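Engineer: Listed below, chain by chain, are the residues.
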Amino acid sequence: MVSGPGASLSEESTHDVADPAEGGVNSTTGKAIEGRSLRQIAWRRFKRDRVATAGGAFVGFLVLVAIFATPIVSLIGHPIDAFNNDLIDPTLGLPLGSFGGISGEHWLGVEPTSGRDVFSRIIFGAQTSIFVAFLAALVSTILGAILGLAAGFMGGWVDAVVSRIMDFLLAFPQLLFSIALVSVLPDSFFGLDGRLSRMAVLIGVIGFFGWPYIGRIVRGQVLSLREREFIEASRSLGARTGRILFRELLPNLAAPILVYTTLIIPTNIITEASLSFLGVGIEAPNPSWGGMLYDAKSYYQSDPTYMIIPGVCIFITVLAFNLFGDGLRDALDPKAH
Amino acid sequence: MSTPLLEVTGLQKHFPITAGLLRRQVAAVRAVDGIDLTVNKGETLGLVGESGCGKSTAGRLITRILEPTGGTVTFDGQDITHIKRGPLRDLRRDVQMIFQDPYSSLNPRHTVGTIVSAPLQIQKIPTPQGLKKAVQELLELVGLNPEHYNRYPHEFSGGQRQRIGIARALALKPKMIVADEPVSALDVSIQAQVVNLLDDLQRELDLTYLFIAHDLSVVRHISDRVAVMYLGKVVEVAPRDDLYAHPRHPYTVALMSAVPVPDPSRRDKAQRERVLLTGDVPSPIDPPSGCRFRTRCWKAQDVCASEQPPLTVLADGHQVACHFPVSDEEQHAAGSGRSAAAAQARDKIATVVADPE
Ligand SMILES: Nc1ncnc2c1ncn2[C@@H]1O[C@H](COP(=O)(O)OP(=O)(O)O)[C@@H](O)[C@H]1O
Ligand code: SF4
Ligand SMILES: [Mg+2]
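Protein sequence lines correspond, in order, to chains A and B.
Residue numbering for the first sequence follows the numbering used here, starting at 30 and increasing by one per position.
Residue numbering for the second sequence follows the numbering used here, starting at 3 and increasing by one per position.
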């Protein structure tokens, strides 16, 4: 029959099962004191993923470039609005020299007609793209997390209303709406200059249309977490709703929120570039990648370098964010596939 | 000895089924549909029934995680059926729950220390020896290494996780613990250890248990009395030894024959004569009229469909809800306890299996 409890206790206590994938960490009794959190395990897993770390490193580099755009450009010594007529062929309006005028002085060449330094304008364009994409993602995440949490946790009519709004927004023609909105808004407001006003509008519009992506994920996660017994356990201890939301649910939502925030950033970069390309984003003479692409389309045969450079920037940035985001997802939730 | 700590009368829980945009109620799942139970101070009442019969719902009504649709729950002389928030929070200290699934009952993002100290923090229990020390004492009490304070649930085995859940339930020094299938998810070899631990803790800490299980063998060791549930109803309650020796309700007899026989010389015969429960459990949305077990009962008569058998006390002290309780003669007719019923069952429904697995 059953053995004495004393014996059985010590017997089972020695069978400490560590995550087998982690290869026997602290796997027996005794002195191993510090446990390893899921975050630490995810970090190890992430570090092993070369592609994702490369993407992450590039993302980090871009963020630094965006933050320090002004000092970088002044260090290089070519202000974004300085014309260089001496570098332009006066009859054709094209940069002198091959590949759009690339030289030791102008690393990415100069603009046709005006001769402005492309490298400086790319750096400032990066600032616009990164700031708009990040802040719009932040807006989406905050809205999506709050509304998704409310829908999943409260259920009932709250869930019904929030879910319908999400369906509606996901089906809404965001680009057309943005064009219409920007054309009726004043060029500057709240005392911000033209560039910052436009960035604020872009952040608001892109952020607002992005929240249902986060909201859906959060709602789904909450619906499944809500059924887990640890929520019930917390309730049976007398925990209030606030504690259940912030201490029990939120720590479990952090990983998916982080992953999907990272994954909507590249989408935001493309949206910002598209809007600027269509003339409703950042206005000339302020630089943006989408705006540069628009300018370049008149020269695509005579000066293809001018078109390739912003195109490649957008491509590499979006790729880096996607690789980083995918790597994060794999590291945080290896069962997601 | 037999002062009731918990008394349940006519307890009901109906989960509404809604449809359409307006979420009108179209039907209800009658998960618990009028049960009467008493649990005395210091005893263990086993609550047994097939999966889906409403055991967990009953447990959650008693711990007041759910609010009853009808009936009353009295704990320690206090009516807690519709208790308000404030007093409910105080009640949490006295009634705690151990959950079935050791993988979902512990928050994967919290350390053992956080999990076990949560009740003390939520209830603002002072810990003169310090929170960490208090948690370590609890870990020791349930046979875990107190140094594992900073570890995460995923670093433990199922049995150890269940011990963490037990430590959490004990933190508030409750009078009563509702254990909802605490060992069903564990390896058979670990089950006995956890049951033994609960048994020891009961003696040490003067606890009262409602111990839920889906088969009779698990509760046999620990229970003083056993209640059998079928489709939202209690069909039989009796002291443990009486119930195992003289099951009166046909459903109990059927459940009993699913219990593995420890004596190897009898095993072969017993296995051939198991009363198999054929057919599906009817839906709790639309339970059968009269006796709910009649669709699967080999003793069913016309009256079983028209009249619901009340839970009544028989001469031998069993509480049974059946128009035609199984008699000792039926049981002993063929010499061995369960053969008679089994033989009858064989005539009525195709039941006999010689599958050793
Ligand atoms: N929250 C709920 N909403 C609707 N139906 C439920 C809910 N909880 C349980 N049920 C239903 O009630 C019945 C009894 O469930 P439960 O108490 O979990 O049974 P057991 O623990 O005996 O397996 C089942 O039919 C189940 O589907
Ligand atoms: S009342 Fe009738 S159907 Fe129900 S268990 Fe008894 S004999 Fe069977
Ligand atoms: Mg259950």
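No wet-lab data here; the hints were simulated from the structure.
It is possible that part of the hints are untrue.
What the hints assert, rightly or not - Looking from chain B toward chain A, a few residues come up when the C-beta cut is under 8 Å (computed):
1) T65
2) I67
3) R91
4) L108
5) A120
6) I127
7) Q131
8) Y154
Claimed, not checked - These stretches of chain A come out as covered by chain B in the derived footprint (C-beta under 8 Å, 3 or more residues):
9) 262–276
10) 330–339
Claimed, not checked - Cβ-to-Cβ under 10 Å is the rule here; a few derived chain B residues that face chain A:
11) R25
12) R26
13) V28
14) L93
15) H156
16) E157
Note that the structure is a prediction, hence the values are computed from the model and not measured.
Using N, Cα and C, we set each Cβ at its ideal position, and we do this for glycine too.
Engineer: Now, for every hint given, state plainly whether the structure supports it.
Structural biologist: Okay, the hints, checked on the actual structure:
Of the supplied interface hints, the one on B:T65 holds, with its beta-carbon coming within about 6 Å of a beta-carbon of chain A, less than 8 Å. Below 8 Å, beta-carbon pairs count as interface contacts, and B:I67 has one with chain A at about 5 Å; its hint therefore holds. Taking 8 Å as the C-beta contact cut-off toward chain A, the hint placing B:R91 at the interface holds, the least distance being around 4 Å. With 8 Å as the threshold, the beta carbon of B:L108 comes within range of chain A, its nearest partner Cβ sitting at about 6 Å, so the hint holds.
At about 6 Å, the closest approach between the beta carbon of B:A120 and any beta carbon in chain A falls short of 8 Å, and the interface hint on this residue holds. For B:I127, the interface hint is violated, the least distance from its beta-carbon to any beta-carbon of chain A being 11 Å, above 8 Å. With a least beta-carbon distance of about 19 Å to chain A, the hint placing B:Q131 at the interface is violated under the 8 Å criterion. A least Cβ separation of about 5 Å between B:Y154 and chain A falls short of the 8 Å threshold, and the interface hint therefore holds.
A count of 8 residues in the segment 262–276 of chain A with a Cβ less than 8 Å from any Cβ of chain B is obtained; the coverage claim is therefore met, three being the minimum. Three residues within the 8 Å Cβ limit are the bar, and the segment 330–339 of chain A against chain B gives 0, so the coverage statement is violated. For B:R25, the interface hint holds, the least distance from its beta-carbon to any beta-carbon of chain A being 7 Å, beneath 10 Å. With a least beta-carbon distance of about 13 Å to chain A, the hint placing B:R26 at the interface is violated under the 10 Å criterion.
Given the 10 Å rule on beta carbons, the hint for B:V28 is violated: about 16 Å separates it from the nearest Cβ of chain A. Hint status for B:L93: holds, given a least beta-carbon distance of 8 Å to chain A, under 10 Å. At its closest, the beta carbon of B:H156 sits 6 Å from a beta carbon of chain A; the interface hint therefore holds under the 10 Å criterion. Checking B:E157 against chain A: minimum C-beta separation of about 5 Å stays under 10 Å; hint holds.
Hint check: violations occur at hints 6, 7, 10, 12 and 13; the rest are consistent with the structure.
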